[in-house]
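A.B. asks: Starting from the given sequences, assemble the full structure and let the hints guide the process.
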Amino acid sequence: MLPASLDEAVSAMAESPGAVPVAGGTDLMGAVNAGLLRPMALLGLGRVTELRGWQYQDGAALLGAGLTHARMARPDFAALIPALAEAAATVGPPQVRNVGTLGGNIVSAHPAGDTLPVLAALEATVTLVGPEGGREVAVSHLLTGLDPLRSGELLAYVRVPLLHAPQVFLKAGGRTGPSRAVASVSLVLDPARRAVRCAVGAVAPVPLRPLEAEQWVAGCIDWDGERTVDPGVAQAFGEYVASACVPDAGTEGGAARTDAAPTAARLRRTVSVLARRALGRALK
Amino acid sequence: MTTPSDSTDTTGNPGSGETTLTNLATVREGAPGSATGAALGGLLTATATAPAPASTPGTEAAAAIRAQRSGIGVSALREDAPTKAMGVYPYAADLWAEGLLWGALARSPYAHARIVSVDTRPALALPGVYAVLTADDLPPGPDGTPNGAPTGPYLADRPILAAGVVRHHGEPFAAVAADHPDTARLAAASILVEWEPLPALTDPDQAFQAPPLHPDGNVFRQLPIRFGDPEVVGEVVVEGMYQVGRQDPAPIGAEAGLAVPRPDGGVELHVATTDPHNDRDRIASCLGIEPDRVRLVVSGIPGATSDRDDLGFQATLALLAARTGHPVKMVLTREESFLTHPHRHPALLRYRHHADAEGRLVKVEAQILLDGGAYADVSSEVLARAAAMSAGPYVVPHVFVDAWAVRTNNPPSGRMRGEGALQTCFAYESQLDRLAAALDLSPLELRRRNVMTTGDLLPTGQAVTCPAPVRELLDAVAEEPLPPLPVDQPDAEWLLPEGPGCAGDPAAVRRGIGYAVGMVPMLGIEGADEVATASVRVTGSQASVICAAVDPGTGFATLAKQIVQEILGVEDVYIAPVDTDQPAAGPSARGRQTWVAGGAIERAALMVRQQLLQPLAARFAMSPELLSIKDGRITSYDGVLGMPVLEALEGKDLWATAQCRPHPTEPLDPETGQGDAFVGLGFCALRAVVDVDIDLGTVRVVEVTAAQDVGRALNPRQIEARIEAGVTQGLGLALMEDMTVTDGHVLAPSFVGYRLPTALDAPDIRVAALIEDRDVVAPFGAKAVGAAPAVVAPAAIAAAVRAATGMPVTRLPIQPDDAAV
Ligand SMILES: Cc1cc2nc3c(=O)[nH]c(=O)nc-3n(C[C@H](O)[C@H](O)[C@H](O)COP(=O)(O)OP(=O)(O)OC[C@H]3O[C@@H](n4cnc5c(N)ncnc54)[C@H](O)[C@@H]3O)c2cc1C
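Chains as they are written, first to last, in our numbering: chain G, 1 to 284; chain C, 1 to 821.
If you're looking for bench data, these hints aren't it; they were derived computationally from the structure. In this text, all values refer to a predicted model and were calculated from it rather than measured experimentally. Please note that a few of the clues may not be correct.
[Stated by the list, open to error] Short derived list, chain G residues pointing at chain C, Cβ under 8 Å: (1) Arg74; (2) Leu170; (3) Arg175.
[What the hints assert, rightly or not] With beta-carbon atoms standing in for the labels, derived distance ranges: (4) G:Ala192 - C:Ser750: 29 to 35 Å; (5) G:Met1 - C:Asp264: 17 to 23 Å; (6) G:Pro93 - C:Val219: 16 to 22 Å; (7) C:Gly455 - G:Gly92: 51 to 57 Å; (8) G:Gly44 - C:Gly141: 41 to 47 Å; (9) C:Asp488 - G:Asp58: 47 to 53 Å; (10) G:Met1 - C:Leu760: 35 to 41 Å.
[Unchecked claim] Here are some, though not all, of the chain G residues that point toward chain C, as calculated from beta-carbon distances under 8 Å: (11) Glu86; (12) Ala89; (13) Arg159; (14) Leu162; (15) Lys171; (16) Ala172; (17) Gly173; (18) Gly174; (19) Gly177; (20) Pro178; (21) Pro262; (22) Arg266; (23) Thr270; (24) Val273; (25) Arg277.
Glycine residues also receive a C-beta, built at the ideal position from the N, C-alpha and C atoms.
C.D. replies: What follows is the structure in C-alpha cells.
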C-alpha cells in the first residue's frame with residue numbers, strides 16, 4: 001500500500017488493521033529480515049509528501065514525520081533547530097540517513113535513538129492522527145508509554161519550539177566510525193524563560209532530564225551579560241548531570257554484577273564529560 | 001624422503017629431497033561441474049565453469065594492466081576484482097538446484113547441558129518437513145552408542161550433532177530439511193528437548209581443577225619451553241599481565257552451501273571451503289562412507305581469514321542430502337555464523353623480562369593460557385605457535401615458557417590469521433615498552449639493541465635460516481615522515497576520535513606514536529606434511545592451471561597466473577575452479593599457498609617449458625638452458641636465434657603435473673619445547689599514530705606505516721592490499737572487536753553487537769618498505785604476507801595509545817578506561 005496523502009494513509013490503516021507503517025524501513029526491515037516481525041501488510045509512507053517537509057506555526061516548527069536524517073542535517077534546517085540537525089547528522093552511515101526518518105526514530109523509541117534526547121530537551125510534542133482525528137502528545141509521554149500510539153494511529157508531525165538560542169547535541173559512540181550512542185547529551189538554552197534544559201540519551205530506556213542540575217546551572221548564568229560560566233561550574237554541572245542520570249551500581253537492585261560497577265563508573269564519567277562539553281559549547 | 005604420491009613418479013627423480021616431480025600423461029577426467037553441474041541449472045553452472053573473459057566494465061582497467069609487462073613482480077589486476085566489483089561474482093549463498101530443500105539446525109540454548117531426551121515428532125509433523133536428524137542418525141561410536149560422529153583436525157572430539165551433552169552455546173543437536181527455509185527453521189525450533197543444565201566452565205583458569213567437560217579432559221595441550229639457564233637474572237626486571245579478547249573472523253558472507261545427492265549414495269557439496277580435500281575426508285568419515293563418494297566443489301568465498309566453515313555445517317548438510325535424496329541448501333543466519341565458526345583464542349599472558357643495564361635482553365619468562373573453547377580444533381597447534389614465538393624477533397639467550405590450551409564452555413576457538421603469534425606479539429611488545437620506560441630508553445632504541453637476524457636461535461633451539469631483516473624493517477618505518485599535526489594545518493578538517501560531528505573536543509586530544517615488530521611462522525609446523533600438487537597445460541595460445549589451492553580472496557589465483565606467464569611467456573592463463581577431483585593442494589591457511597601451491601605450479605610450468613624448449617634446442621643444436629623466454633619470445637643466450645612463444649606452441653598440447661613439498665619439520669619436545677618445528681618466518685614492523693580523547697578514552701588511529709619482509713614482491717599492489725587488510729583487522733581487535741560472552745552465552749551475535757572497523761575507523765595505511773631479501777628455499781624467494789601485519793597491528797596501536805596517555809594498556813580490545821587519563 002502506497003498512499004499519497006496523510007488522509008489516505010489514515011484510512012488505509014483503518015481498513016487493514018494488521019498493516020504496519022513503514023517509512024525508511026531502516027529499523028522495520030531489520031526486524032523483518034531477522035524474523036522478529038511478520039507484518040500482515042506494509043503501508044509505505046514514502047509518497048506522503050506532506051510529511052516530508054516542515055512549516056512554521058506560532059513560533060514553533062511543525063516537522064513532518066517523514067523528514068529524513070539527511071534532510072535535517074542540511075544547513076537550512078541546522079539554522080532552525082541546530083541540536084536536531086546535529087543529532088540527525090550522527091545517525092548511522094549515510095545510507096541510513098538518506099532514508100531513515102524522524103518519525104521512525106521516535107516510534108522505534110530505541111534507547112539510543114539520537115533525536116530523542118534533543119526532542120526531550122526541546123520539550124517537543126507530536127501530532128498523532130487516527131480515524132477519530134488528531135491529538136497532541138508530549139514526546140516524553142509517548143516515549144515513556146504514558147500516552148502511547150494507539151492502533152490505527154500515525155505519527156504525523158513533531159512540533160518543536162523555536163528558541164533562537166544556542167543548543168547542542170553531543171554523542172559518544174566510542175569510535176570514529178558511525179555508532180549507536182553509548183551516551184548522548186542534548187542541551188538547549190531558553191533565554192526567554194532563563195532556562196537551561198538538558199536531556200541524556202542512551203543511558204536509560206528513555207531520555208532522562210536532570211531537572212535539579214538544569215535549575216542550578218541556570219542560576220549560575222548571567223543571562224543579561226556575557227552568558228558565560230567559569231570552568232568550575234561546567235565541571236560541577238557535568239558531575240551533577242551524571243550522578244542524576246547514571247545510578248551507582250550496586251545501590252540499584254541487589255543483583256548488581258561484579259563488572260557492573262566499573263561500567264557504571266565509566267558511563268558516569270562519559271556523561272559528565274559530555275554534559276560539561278555541551279554546556280561549554282552552548283555558552284561559547 | 002618418500003611421499004605418498006611417489007608411485008606416480010615417472011621422471012625417475014626419487015629422493016631429491018625437496019620436491020617430487022611427477023609428469024602425468026593422462027588427461028584428467030571430469031571437468032569441474034560437468035556431470036552434476038549441468039543438472040543444477042544456470043547459476044550453478046556459472047559457478048562451476050570459468051568466469052567468462054570480462055567483456056564488461058573492468059575490461060578497460062584489465063587491458064591497461066595487460067599492456068604492462070606481465071609475470072612476476074607486476075601489480076597485475078586481481079583475477080576476481082571485476083566480477084566482485086560488479087556484484088556478479090557467484091557466492092555459495094547464490095547456489096540453486098531444481099527441487100532443493102532447505103536445511104536448518106537446532107542449537108543449544110545452553111553453554112553446558114545434558115540432553116535428557118529429544119522428541120522430533122512435532123517437527124516431523126509439520127507439513128513440508130522431509131527429515132529431522134539427530135546424533136542417532138550418524139554412525140555410532142566404537143561402543144555402539146551414538147556419539148555424534150566427532151571430528152576435528154587433530155583430535156576427533158567435536159560431534160557434528162551433539163550426542164547426550166552440549167558443550168557450548170549454539171552447538172547443533174539436530175538438523176532439519178524442509179521445502180521452505182521458514183518451515184525448516186520453525187521445525188528446528190519445535191523439536192522438544194528436555195535439558196538438564198550443567199554448570200558452565202567459562203573461566204579458563206578454572207579448567208585445570210574443574211571436572212572434565214569431555215572424556216578427553218580439559219587440557220588440550222601443555223607445552224613448556226626450556227631454553228638456557230633458569231637461574232639467570234637481569235639487572236632490570238619488568239613484569240606484566242596481558243589479556244586478549246575474543247575476535248571473530250566475521251566473514252562478510254555467512255556460511256552457506258548446497259549438497260546434491262549422487263546416484264552412488266555419495267554426495268556432492270558446493271561450499272565455500274578453504275580446505276576442500278581435508279573437509280571431504282572428514283565429512284566422509286562422519287557419514288561413514290568412502291572419501292571418493294564425497295565430492296566438494298569450491299564456490300565463491302565471501303571472506304575467510306584461514307579456516308572458514310565449521311565442519312559440522314558441511315557434514316550435516318551432506319547428511320541431509322544423502323538422507324532425503326534431494327538437493328539441500330543451507331544458509332546460516334548471522335547469529336548462527338557467530339555461534340559456530342571458530343574464533344581467535346582469547347589469551348591470558350603473564351610475562352617477566354630480564355635485561356642488563358644497557359637494555360640487552362637476558363631472559364624471558366612467560367605463562368600463556370589459551371581458551372580453546374569446547375573442542376580441540378587446532379588449539380594444540382596454536383599453542384605451539386604462541387609458545388615458540390613468545391620472545392619475539394629478539395635475541396634472548398634464556399627463555400622459559402609454560403603454555404596451556406584448555407577446554408571451556410565458551411564458543412569454539414580455532415585458526416584465524418596469525419593464530420598464536422598475535423597474542424604473544426601483543427604481550428612481548430608491551431613488555432618491551434615497559435622495559436624501555438624502566439631503562440629510560442626510547443622504545444625504538446631498545447628494540448634496535450635486541451633485534452634478531454639470520455642465524456639467531458628461537459626459544460625452541462631452532463636457528464633462523466631465512467632472511468630476518470628486523471632491524472631494516474624498524475629503520476624503514478622510523479625514517480618515514482610523521483603525519484602533520486592538526487595545529488600545523490589549521491585549515492584542514494580534523495577528524496576527531498568519536499568521528500565527524502560527535503562529542504570530540506580538540507582540547508582533550510593527545511597524539512601518540514607507537515612501534516611494534518613481530519613475526520609469524522609460515523606453513524604447517526611440527527611435522528605437518530606440507531604438500532601441494534598442480535598441473536599446467538598449454539594448448540595453442542592458452543595455458544591452464546589445475547590446482548586445488550583455494551583463493552579465498554587473498555589473490556592466489558592472480559599469482560598463479562603471473563607465475564605461468566613468467567615461466568612460459570603465455571599471456572592467456574586460465575585458472576580452473578577447484579574441486580576435490582583434482583589432486584590436493586592443502587588448506588589456504590597459515591601462509592602456505594604462495595609457497596607450497598605456488599611452488600607446485602612453478603615446477604609444473606618449468607616442466608612444460610622444458611618440453612617446449614627441448615625440441616627447439618635440439619633444432620638449434622644447443623642445450624635448452626641457453627634459451628630463455630622473455631616478453632613472449634624465446635631467445636638464445638647470444639640473441640641470434642629467436643621466435644615468439646606462440647609460434648613455438650602452435651599445434652602443441654603440453655601438460656605436466658608437479659608437487660612441492662618444503663623441507664620437513666619435527667614436533668617440539670614435550671618436556672623442553674625444543675625442536676626444528678618451523679619451515680620459515682615472516683617479519684613485519686609497524687608504526688602507529690593515534691589521537692586519543694583522554695576524557696572519553698576514545699582512540700582514533702590516524703596512520704599506520706608498515707615495513708614488511710616479503711622475500712620477493714610477486715605482486716606489489718596485492719601485497720599492499722594484504723597489508724591494508726591485515727592492519728585493519730588488527731585495528732579491529734585493538735579497539736573494538738570483541739565477542740561478549742557471559743556465562744558461556746554469546747550476548748550479541750550480530751554486527752550491531754560485534755563492531756567491525758568502518759572506513760572512518762581505518763587509518764591511512766602507508767607502506768614504507770617491502771624488503772626483498774629472498775628466502776632461498778622458498779619458490780621465487782617469496783614469503784607469505786597476509787598474517788604478519790594483522791599480528792603486529794594490535795601491538796603497535798597499543799604502544800601508540802600508551803605513548804599518548806601514559807597508561808599501561810594491557811588488554812585487547814583497549815577499553816575507554818585504558819585510554820582515559
Ligand atoms: C546501520 C544502521 C545504523 C543506525 N544507526 C543509528 C544511530 O546511530 N542512531 C539512531 O538514532 N538510529 C540509528 N539507526 C536506526 C534507524 O535508522 C533510525 O531509528 C531511523 O530514524 C528509523 O527511521 P525509519 O524511517 O527507517 O523507520 P522505519 O524502519 O520505517 O520504522 C520504524 C518503526 O516506526 C514505525 N513508523 C515509522 N514511521 C511512522 C509513522 N509516521 N507513524 C507511525 N509509525 C511509524 C514503523 O511502523 C516501525 O515500527 C540505525 C539503523 C541502521 C540500520
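A.B. asks: Could you work out which earlier hints the structure fails to respect and list their numbers in ascending sequence?
C.D. replies: The structure breaks hints 1, 4, 5, 6, 8, 13, 14; every other hint is satisfied.
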